[in-house]
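J.: Chains A and B are the protein sequences, given in the same order.
Heads up: the first sequence at position 424 corresponds to 481 in the working numbering, and the numbers run straight through without jumps.
Heads up: the second sequence at position 476 corresponds to 533 in the working numbering, and the numbers run straight through without jumps.
Don't take every hint at face value.
DSSO-like cross-link-like pairs, simulated, lysine-lysine; straight-line CA separation at most 27 Å [said to hold, decoys possible]:
(1) B:424 / B:441
(2) A:308 / B:191
(3) B:381 / A:114
(4) A:79 / B:114
(5) A:114 / B:79
(6) A:114 / B:406
(7) A:191 / B:191
(8) A:394 / B:71
(9) A:308 / B:155
(10) B:104 / B:114
(11) B:171 / A:144
(12) A:155 / B:308
(13) B:155 / A:165
(14) A:165 / B:513
(15) B:381 / A:163
(16) B:547 / B:238
(17) B:441 / A:137
(18) B:394 / A:114
(19) B:144 / A:367
(20) A:313 / B:163
(21) A:111 / B:413
(22) A:402 / B:413
(23) B:163 / A:171
(24) B:317 / A:511
(25) B:114 / A:191
(26) A:114 / B:111
(27) B:171 / A:171
(28) A:137 / B:547
(29) B:394 / A:163
(30) B:104 / A:381
(31) B:381 / B:144
(32) B:512 / B:258
(33) A:171 / B:137
(34) B:137 / A:165
(35) B:413 / A:114
(36) B:61 / A:406
(37) A:381 / B:114
Because the hints were derived from the structure by calculation, they are not lab data.
There are 2 protein chains.
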Amino acid sequence: MGEKLTPRSQDYSKWYNELVVKANLAESSSVRGCMVIKPYGYAIWEKMQAELDKMFKATGHENAYFPLFVPKSLFEAEEKNAEGFAKECAIVTHYRLKNDEDNPGKLKVDPEAKLEEELVVRPTSEAIIWRTYKNWIQSYRDLPILVNQWANVVRWEMRTRLFLRTAEFLWQEGHTAHATKDEAIMEAKQMNDVYADFAEKFMAMPVIKGLKSESERFAGALETYCIEALMQDGKALQAGTSHFLGQNFAKAFDVKFANKEGKLDYVWATSWGVSTRLMGALVMTHSDDNGLVLPPNLAPIQVVIVPIYKGEEELNNISIVANKIKNELESNGTSVKYDNRNNFKPGYKFNEYELKGVPLRIAIGPKDMENNSVEIARRDTLTKSKIGMNEVVKEVENILIDIQESLYSRALVHRNDNITMVHSFKEFKSVLENKGGFISAHWDGSVETENLIKKKTKATIRCIPNKNKLEKGFCVYSGRPSNQRVLFAKAY
Amino acid sequence: MGEKLTPRSQDYSKWYNELVVKANLAESSSVRGCMVIKPYGYAIWEKMQAELDKMFKATGHENAYFPLFVPKSLFEAEEKNAEGFAKECAIVTHYRLKNDEDNPGKLKVDPEAKLEEELVVRPTSEAIIWRTYKNWIQSYRDLPILVNQWANVVRWEMRTRLFLRTAEFLWQEGHTAHATKDEAIMEAKQMNDVYADFAEKFMAMPVIKGLKSESERFAGALETYCIEALMQDGKALQAGTSHFLGQNFAKAFDVKFANKEGKLDYVWATSWGVSTRLMGALVMTHSDDNGLVLPPNLAPIQVVIVPIYKGEEELNNISIVANKIKNELESNGTSVKYDNRNNFKPGYKFNEYELKGVPLRIAIGPKDMENNSVEIARRDTLTKSKIGMNEVVKEVENILIDIQESLYSRALVHRNDNITMVHSFKEFKSVLENKGGFISAHWDGSVETENLIKKKTKATIRCIPNKNKLEKGFCVYSGRPSNQRVLFAKAY
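Start from the sequences and build out the full structure, keeping to the hints where you can.
T.: Pasting the structure below:
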């Protein structure tokens, strides 16, 4: 446990790094830019995976697994995609080490074991998957293909941060193939909706669904749909993306199908993914200066029971009650930990579970035993209350639901309070500087303007929201006519 | 679907390869030695994962995730382990591609983006994990650490076969740290028992639990426990291993802990793993010339219902009954597919589900509707019977249990019939040549003899079975005294 976290108000970035490490979510490894996801962090990721996987299967998708490596010739086949990832990929060139004669006990790369063709460690799998789909697709009867993969990918980022940007990360990538353009677009939109549902219902994180501008699109996509969230410090975070890839990959890998009339056409594609980055988003949406705050729907431990006692007899009496409560809650599907460790004081335990974000804590002491009550503490509000022992099970379930909803509402209020409409570039800069958050501003639609704004302010277009209101106006930067406002922000 | 499989009696190896591809389990990819695990194959792997994961958690283990890459200096730290894997590992040397000026549109490795230290793509994770544990362990209070990882690993095998030996494969690797030698040995044995339970209860595959001889041990282990299975063609398959690593990795990475008396000592270690190789074992334990045979406990589809009809009205009537049966079975936890596809004939569907190993098929035709009966076909015995509609749910559940048990019994009889006790090297060679299977023979305990036998016959010591009977005898090869028989076999 050790000392307290740096307060968020003092240094948000430092607070984040400390929290991720101290709450046992993840830590840096001895491999540059790669993290170790620790058991407690991984348990949260497993809950995310389980829920997402259910949602993917409910929408007709199946899981499969494709190779980690992409031969260079496949990697470069779709030029835009290759260009987007070429500068940050790990490349395997040899397949053997041998003894280093100059350094006994050490090894060196065996120059005789050089690969004929270099292998790229996948930064994303469109290339290897579309090369595979070529053999799977002959006619419209083979379509659609609705496949998802849970995997690790590698992007050689220069500046890394735990969960938010790491050289290796875990993700899922859906890759679908369709007979028509409309069907592919519907699929891409549907999966963006699935991501939004997951973010809101499980992470209690409000998101804005929208479309990326051209320069923020995935390399090789015709359209990128996304969900954008707002962190506590006023920076945006892209939480998931879903791409309509058109026929780009089908053309690069010559994947054609015969339609019902026997005519050949290229196949239409989508791909979509979320990653361990969501862990960072979860932390920065709800947590506070005492540590992690977890929404009950993703908490590995939803309720912890801590006995307060002197001597073995008191502990034994409390344990009978505690285990009864635990069993009843668990039989209703609530995950409960009874922490009867002898070598730690209650205060230490309280701090530990606060740091770890356990949504609800129940304390039972001798006074409670006399009064037939327990003390309940909510992690989200840090408030305590006494309730009768007979009401515990029902009350706990209600409070967990309330915590889930309250976290969402609180985040939604924060998010909505931090969307600011601006009318000039001066105002744009001032809001960005002093308030942060999303800035809703007119934009002339050109890549050039977007780049200039980015260069001057570090803000980017996060998205053009779905169902955006069309309204005449003038671009805050160029003054040229504009049809709609878009959302700008500084982003993770 | 297409043509029939090559019969097992004609060419077992060809039969296996054809079956794996045609039943949609896996296929070769365009990356040398790497496979694509197709959705149906992956669904079986997911079931294996889910059951194993439950068993790991029930024995107190948590999941975590460690980096894909191992810096060369860590890789070489435990010398025996390094020596064991150095000759077959993929090595990342660069982190960027750039445009190839000589070939427009093509990319080449950027020589300026050479890594200072090469990274080995993990063939196994002891090195990176023990480097991490160094920071996690100070005192006995930090022990034991009971961690498992689900991951991909890469071993640059020269001769590969789908599932059985691939350059990249999926697996789980447990890595535990303990305060005492005894505790570590108990853990290694416990996890080997878990593997045996899984193999027998879920895969319906009998296994022999035992200890590896020195030359078959994991590189860096003091003892390797294993489960060995026998395939239909008389070759053995190592299905899982669990290693007692002693203090080798703790010493290589300087991981010490303070015991209760404050004295420093090196930490004791185990590691244990099973992989997608189990998929190959599953295929070669039960399947036949018609295709895959799956034990119900691992079948993604346990029951398929096929309607036999002419015209829409007949189909509608059958569908009412079929959906009722489906719902009732599903509410009891049985996974059911109702295949009412219009563009395929019943005979085609029958063949397809036979090929895919669905344990039980229900056919419902107009005659059945009249007689209030259905036709049930078992995949394991290829037998059919009629049962009354009202008994379907109860009967199906009983038959699924019976199939699971029968598959195990059949495999057990085959396995037991193929353990042959021999008394001379002549007999050894003759049995190996004409019958195959496990050969129980006296061995003098020397690596030299083991190597000579391997050289002359290709048979290796598969294991020294647990609870092996001690009996005086003479080594079949050297004639030197021996205390026990061990099991030899040719192996996958």
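J.: Hint by hint, note whether the structure agrees.
T.: Evaluated hints:
| no. | hint | in the structure |
| --- | --- | --- |
| 1 | B:424 / B:441 | 16 Å, holds |
| 2 | A:308 / B:191 | 50 Å, violated |
| 3 | B:381 / A:114 | 23 Å, holds |
| 4 | A:79 / B:114 | 24 Å, holds |
| 5 | A:114 / B:79 | 24 Å, holds |
| 6 | A:114 / B:406 | 23 Å, holds |
| 7 | A:191 / B:191 | 47 Å, violated |
| 8 | A:394 / B:71 | 53 Å, violated |
| 9 | A:308 / B:155 | 23 Å, holds |
| 10 | B:104 / B:114 | 16 Å, holds |
| 11 | B:171 / A:144 | 13 Å, holds |
| 12 | A:155 / B:308 | 23 Å, holds |
| 13 | B:155 / A:165 | 25 Å, holds |
| 14 | A:165 / B:513 | 34 Å, violated |
| 15 | B:381 / A:163 | 67 Å, violated |
| 16 | B:547 / B:238 | 33 Å, violated |
| 17 | B:441 / A:137 | 57 Å, violated |
| 18 | B:394 / A:114 | 15 Å, holds |
| 19 | B:144 / A:367 | 60 Å, violated |
| 20 | A:313 / B:163 | 24 Å, holds |
| 21 | A:111 / B:413 | 24 Å, holds |
| 22 | A:402 / B:413 | 57 Å, violated |
| 23 | B:163 / A:171 | 20 Å, holds |
| 24 | B:317 / A:511 | 59 Å, violated |
| 25 | B:114 / A:191 | 40 Å, violated |
| 26 | A:114 / B:111 | 21 Å, holds |
| 27 | B:171 / A:171 | 15 Å, holds |
| 28 | A:137 / B:547 | 50 Å, violated |
| 29 | B:394 / A:163 | 57 Å, violated |
| 30 | B:104 / A:381 | 33 Å, violated |
| 31 | B:381 / B:144 | 58 Å, violated |
| 32 | B:512 / B:258 | 36 Å, violated |
| 33 | A:171 / B:137 | 24 Å, holds |
| 34 | B:137 / A:165 | 16 Å, holds |
| 35 | B:413 / A:114 | 20 Å, holds |
| 36 | B:61 / A:406 | 65 Å, violated |
| 37 | A:381 / B:114 | 23 Å, holds |
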